[in-house]
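Protein chains in written order, with the working numbering: chain A, 1 to 234; chain B, 1 to 290; chain C, 1 to 635.
Quick caveat, the hints were computed from the structure, so don't treat them as lab data.
Cβ coordinates follow ideal geometry from the N, Cα and C atoms, glycine included.
Treat the hints with care, since some could be wrong.
If you want a taste of the chain A side facing chain C, the calculated C-beta under 10 Å gives, among others [unchecked claim]: (1) G12; (2) Q15; (3) D19; (4) L163; (5) Q192; (6) A223; (7) P225; (8) V228.
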Amino acid sequence: MLGVTDLDVFYGDAQALWDVSMNVDEGEVVAIVGSNGAGKSTFVNAVMGINRARRGSIIFEGVELTNLAGHRTCRQGIAIVPEGRRLFPFLSVQENLDLGAFNREARRHHHESLAWVHELFPRLSERRDQLAGTLSGGEQQMVAIGRALMARPRLLLMDEPSLGLAPVIVDEVFERIERVRAEGVSVVLVEQNVKRALDISARAYVLAEGRIVQQGSAAELAASPEVVAALLGV
Amino acid sequence: MNVLQAGLAGALGGSLFALMALGLSLTWGFLKVINLAHFGLILLGSYLTFELATSTPLGPLNTLLVTIPVLCVLGAAIHLAYERFEVSELSSLLVSYGLLIILVQVVHNIWSADFRRMDASVNPYATRSISLGDLSFPLPTLLAAGFGLVLVVLVGTIINRTYAGRALRAFGQDREIASAFGIDHRLIGVVLAGVAGATAAIAGMLFALRGTITPDAAFEWVGLVFAIVILGGIGNVAGTFYAGLLVGAVSGVVASFWTPSHSPLVVFSMVVLALVFRPEGLFPRRAGRH
Amino acid sequence: MKGGKGWIPLAAIALSIGILPWLRELTGFPASYLVLLSAVLFWTAQATSWNILSGYSGYFSFGQGAFYGVGVYALAVLVGRHGQSWWLGLLLGGVAGLVLALVIGTIAFRLRSLRGEIFALLTLAIPFILSAIARVTDSIDGGQGIILPVPEYPDFFGPFQQFIFWLSGAVAVLALVIAYGMVETRYGWALFAIHDDEAVAEGLGVPTFRHKMIAIAANGLIAGLSGAVSALQVGFISPEGTFNLRVPLFVIVMSVLGGRLFWAGPAVGALYVVTLQNRLAGGFEGWSLIILGAVLVLLVLFAPEGIMARFVRRPWTIVAVAAGVLAALALYGEWGDPVSWFALALGSAAVVALLPAGTIAGRRTASPSSRLGSALADPGEPETSSPGIGKTLVEAGEVTRRFGGIHALRGVSMRLSEGELVGLVGPNGSGKTTLVNLLSGALRPTSGSITVDGVDIVDMAPHQIVHQGIARTYQIPRPFNSLTVKDNVVVAIMFGREPRGLAASRQAAAEYLALVGLSDLGDVRPGGINLHERQLLEMARAMATRPRILLLDEALAGLNPVEIDNAVAVVRRIHRSGVSIVLVEHLLRVVNQLATRIVVLDQGRLLAEGDPATVMQNPAVVSAYLGSEAHARRD
Numbered sequence: 001m002l003g004v005t006d007l008d009v010f011y012g013d014a015q016a017l018w019d020v021s022m023n024v025d026e027g028e029v030v031a032i033v034g035s036n037g038a039g040k041s042t043f044v045n046a047v048m049g050i051n052r053a054r055r056g057s058i059i060f061e062g063v064e065l066t067n068l069a070g071h072r073t074c075r076q077g078i079a080i081v082p083e084g085r086r087l088f089p090f091l092s093v094q095e096n097l098d099l100g101a102f103n104r105e106a107r108r109h110h111h112e113s114l115a116w117v118h119e120l121f122p123r124l125s126e127r128r129d130q131l132a133g134t135l136s137g138g139e140q141q142m143v144a145i146g147r148a149l150m151a152r153p154r155l156l157l158m159d160e161p162s163l164g165l166a167p168v169i170v171d172e173v174f175e176r177i178e179r180v181r182a183e184g185v186s187v188v189l190v191e192q193n194v195k196r197a198l199d200i201s202a203r204a205y206v207l208a209e210g211r212i213v214q215q216g217s218a219a220e221l222a223a224s225p226e227v228v229a230a231l232l233g234v
Numbered sequence: 001m002n003v004l005q006a007g008l009a010g011a012l013g014g015s016l017f018a019l020m021a022l023g024l025s026l027t028w029g030f031l032k033v034i035n036l037a038h039f040g041l042i043l044l045g046s047y048l049t050f051e052l053a054t055s056t057p058l059g060p061l062n063t064l065l066v067t068i069p070v071l072c073v074l075g076a077a078i079h080l081a082y083e084r085f086e087v088s089e090l091s092s093l094l095v096s097y098g099l100l101i102i103l104v105q106v107v108h109n110i111w112s113a114d115f116r117r118m119d120a121s122v123n124p125y126a127t128r129s130i131s132l133g134d135l136s137f138p139l140p141t142l143l144a145a146g147f148g149l150v151l152v153v154l155v156g157t158i159i160n161r162t163y164a165g166r167a168l169r170a171f172g173q174d175r176e177i178a179s180a181f182g183i184d185h186r187l188i189g190v191v192l193a194g195v196a197g198a199t200a201a202i203a204g205m206l207f208a209l210r211g212t213i214t215p216d217a218a219f220e221w222v223g224l225v226f227a228i229v230i231l232g233g234i235g236n237v238a239g240t241f242y243a244g245l246l247v248g249a250v251s252g253v254v255a256s257f258w259t260p261s262h263s264p265l266v267v268f269s270m271v272v273l274a275l276v277f278r279p280e281g282l283f284p285r286r287a288g289r290h
Numbered sequence: 001m002k003g004g005k006g007w008i009p010l011a012a013i014a015l016s017i018g019i020l021p022w023l024r025e026l027t028g029f030p031a032s033y034l035v036l037l038s039a040v041l042f043w044t045a046q047a048t049s050w051n052i053l054s055g056y057s058g059y060f061s062f063g064q065g066a067f068y069g070v071g072v073y074a075l076a077v078l079v080g081r082h083g084q085s086w087w088l089g090l091l092l093g094g095v096a097g098l099v100l101a102l103v104i105g106t107i108a109f110r111l112r113s114l115r116g117e118i119f120a121l122l123t124l125a126i127p128f129i130l131s132a133i134a135r136v137t138d139s140i141d142g143g144q145g146i147i148l149p150v151p152e153y154p155d156f157f158g159p160f161q162q163f164i165f166w167l168s169g170a171v172a173v174l175a176l177v178i179a180y181g182m183v184e185t186r187y188g189w190a191l192f193a194i195h196d197d198e199a200v201a202e203g204l205g206v207p208t209f210r211h212k213m214i215a216i217a218a219n220g221l222i223a224g225l226s227g228a229v230s231a232l233q234v235g236f237i238s239p240e241g242t243f244n245l246r247v248p249l250f251v252i253v254m255s256v257l258g259g260r261l262f263w264a265g266p267a268v269g270a271l272y273v274v275t276l277q278n279r280l281a282g283g284f285e286g287w288s289l290i291i292l293g294a295v296l297v298l299l300v301l302f303a304p305e306g307i308m309a310r311f312v313r314r315p316w317t318i319v320a321v322a323a324g325v326l327a328a329l330a331l332y333g334e335w336g337d338p339v340s341w342f343a344l345a346l347g348s349a350a351v352v353a354l355l356p357a358g359t360i361a362g363r364r365t366a367s368p369s370s371r372l373g374s375a376l377a378d379p380g381e382p383e384t385s386s387p388g389i390g391k392t393l394v395e396a397g398e399v400t401r402r403f404g405g406i407h408a409l410r411g412v413s414m415r416l417s418e419g420e421l422v423g424l425v426g427p428n429g430s431g432k433t434t435l436v437n438l439l440s441g442a443l444r445p446t447s448g449s450i451t452v453d454g455v456d457i458v459d460m461a462p463h464q465i466v467h468q469g470i471a472r473t474y475q476i477p478r479p480f481n482s483l484t485v486k487d488n489v490v491v492a493i494m495f496g497r498e499p500r501g502l503a504a505s506r507q508a509a510a511e512y513l514a515l516v517g518l519s520d521l522g523d524v525r526p527g528g529i530n531l532h533e534r535q536l537l538e539m540a541r542a543m544a545t546r547p548r549i550l551l552l553d554e555a556l557a558g559l560n561p562v563e564i565d566n567a568v569a570v571v572r573r574i575h576r577s578g579v580s581i582v583l584v585e586h587l588l589r590v591v592n593q594l595a596t597r598i599v600v601l602d603q604g605r606l607l608a609e610g611d612p613a614t615v616m617q618n619p620a621v622v623s624a625y626l627g628s629e630a631h632a633r634r635d
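Only chain A is shown next, with the shape it has when bound in the complex:
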């Protein structure tokens, strides 16, 4: 479904990713784990078209996405839950969700999408008129996920959805990710919370210092001492 080959990404002249290759199949959750600064966010942003790739290719359902402008990538059926949520803080919850469905295809299904998001996160319908910037961290994360789902993605990129959330809320978020996957949406899950991420993924990649150093089934990696070593630097 998504195939990335030999991706190099730079920030200015600082190389953030080296030779990253990975793939995602239909309906699976793939985790990308690694310590912070390893290049995880850079990777999802490159897929989304927010960061530019200097080398390599990104192909989604047969369509070349490499260096497609962000607003075009979205029309192909990919949506992002960015790191740190990045809601539009001075827009209401409802307006944030509406903007998720900005592209024409998604707008046509606005009502069904909204019903689905409200079913997943009932709290969002209570808060619909509140400014997104005034919500709690957990509620903001729900809006961010909801906003991405409004785009009716076939592939959802989730960047650190557990960051800064209380454990109970993290439980809730991860449970929703599973429900989203059950609806047939593939998920790329970027997480620092390695154990949790491996728990709900089929496969995973370990990023360290901008390179993929390990890959395999989640169960395998969870048991691997090398993964722990790569993450703790011991």
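We have chain A already, so just place chains B and C on it with the hints.
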């Protein structure tokens, strides 16, 4: 009664400056460009109105049929150039300063530095006024207030109630993420700059309607219009209109108590105080919205 | 901003201004040239004074007309209304400009919310206020204007135009001397640093408020003096003629044209603009502003650094071209008048200057591998023994910092002793960078205490904390981009804990470049070096302030393994030289390798501390990094 008349007349006059400020505030707030060339566009609007009304049978109000499309395209073209060269907020100030100098001089070369005014036969509005009890208001300022009100409500509604407006606000808050959800930044920029150009056409027409025009007027507007943009809050449509009314009313009242020369003293002291104490503007946006 | 031999042209200019009137009597060139030259000198003073504030420090001002205007009115009122002598008027003009500048500076530069645009708009509003005050105050103007008679001045000065020429010349030379003198001393360098990155400048020990005040004071003083001279010349003063947009417009165009980072840039710009206007005066008036506007637009887009930046790359070629054109036209003698020859010479010089240059100054010289090698080799360095642990240097007690409702740090206590290298680690958002910002004074704690060697630093400005011996680097390097690598270090030496003058600092800079292995890249601009080298520059610059404590905020982020090893060697060398270090780092293998002690933060709290091996075994630390199993759930 005198003070009331002065305040109301001033407020109505201020709405013309609010109209001028509207376009500047929109592009500054949402596109992060401080476009001084906007004053050049307004000036061009005034002179095109004068020229068309004088040499064709259109009549001053109908000149908008020509000036709106022309300035819309010109405004959008200037914005595309800013985009192309990726000018920053501060360098946009310099570049557009250069463009303003050029536009003013072009107007100067075509129509000369002399005062121009539409003949009473083509511009029946200039001398008329409407009385309300003891109060009397010149028709051009009433028209300015009317146009201002309609535009502010229109633009405000578009920005606050429509899908495109939501996209615009989202874009102003986080460009990258807005783009990731399918919002085309180039399209938004061009459309908004075009809208700002259209408001320049209307403001220019209304200015020509009021009486005499001269190329140097563009430079004279700069101070007052910036005052309104800052007092109203950058990118705040309704705030800009209120600030225009406020500045106009204060000018009118000050002028009636002392002399018209005192008005800039009070108005610009307000600007300095606003910059020092409330750089986000006098009229905070409402928090909740439906 | 290149200086060194600037005194020579300055003395030459001063001398020519001094003797020109006599030369005129000898050669008999027309008095109109004197008028033209006076205009060049007037604009030189105005533009140079504007540039000291807005060009050097980057605080863009639209308020030049205000300083100029108070100078004009100070003289006009004193001489025109009260019949005082011209020199008293000049004096008052300068003082008025100075006082206005200090008032504006005191208000504006104390604002917390001050940004470039706010300052620009604030200064835009001032002339309108002053104009209104002049118009409504009968004892100043009252709306009818002031007529100034030709003042009585000593016969020695000759004709009136010659008198004005000399006065304008004196003010212009004063402006240039101040502008040049600043470039050669710490005053100018403080402003260049502020221009490039004010927070970093403050963090390297530059008292930024004081230097901004000095810059705006110089701007006000010179502009006021020059305004007073022009009032003498003009003879009729009105608010409309004084506080309009002509002065702010022209000084901006001239400075941008000439080059805002050069002391002589505005003068060159003034020369070009005045000559151009003069030549276009014969029938082409309508074009002169269009050309000026276009020049401004094109320069900002394509050559934002101005003509001077191009001149200094090949000065002799350009001087030769200009002199050649001038000589050829003079010898031919059949076309135009001398001013036209001169204008054409200036034009050809500009064309040559703006042609694409063959070599761009400040490119890298040595190959990357040789540079890395030099840092790695480390001959004769003792392999063993970090310095022993000594007395406590930094002590943070129960430090809390809130941002709105979010607790970035909650009651963290830690200490750092002499000779320690503390690794500060923790997951994203755990408060590491916040702690660095609190220690360096970039932020203030919401509550809690921080002392350095027993001295409370909580209420100190960052530059004062530098003088207590704390220096820092930034996660994303923030070099002063308009200065060379070496000059970046020079600024830090000049304003550090043991401040030195420019010349001494330049000599000392080599030592710090050698410390981090950047000796070969001293003359390169930061834009021409890679991320790793910029991070090394961060360290060199921080070390140049002669700190006792160095805070390294993720100094290795984004590096490849070879570069990381090199950076580790540099950090180790700095540590061995006796500086205590706090190292914030994601790469735990590096921290384990370097640190004498590790402090772990998680969600703003101190999670664990101790020696590396023990801490990394701590289950709480492991779960903070890997996520806890306790909440793992299965459906």
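Interface hint outcome for A223 of chain A [beta carbon to chain C under 10 Å]: With Cβ-Cβ at 13 Å, over 10 Å, it is violated.
Chain C contact restraint for D19 of chain A - C-beta distance below 10 Å: Violated, because the Cβ-Cβ distance from D19 of chain A to chain C comes to roughly 12 Å (cut-off 10 Å).
Hint validity - P225 of chain A Cβ closer than 10 Å to any chain C Cβ: Nearest chain C Cβ about 12 Å off; hint violated.
Hint validity - Q192 of chain A Cβ closer than 10 Å to any chain C Cβ: With a minimum Cβ separation of about 6 Å from chain C (threshold 10 Å), the hint on Q192 of chain A holds.
Restraint satisfaction for G12 of chain A [CB to CB of chain C, less than 10 Å]: Holds: closest Cβ of chain C sits about 7 Å from G12 of chain A, inside 10 Å.
Restraint check, 10 Å cut-off on beta carbons, for V228 of chain A near chain C: Cβ of V228 of chain A sits 7 Å from chain C, so the hint holds.
Status of the hint placing Q15 of chain A at chain C (closest C-beta pair under 10 Å): Holds, because the Cβ-Cβ distance from Q15 of chain A to chain C comes to roughly 7 Å (cut-off 10 Å).
Chain C contact restraint for L163 of chain A - C-beta distance below 10 Å: 6 Å, holds
Of the numbered hints listed earlier, those contradicted by the structure are 3, 6, 7.
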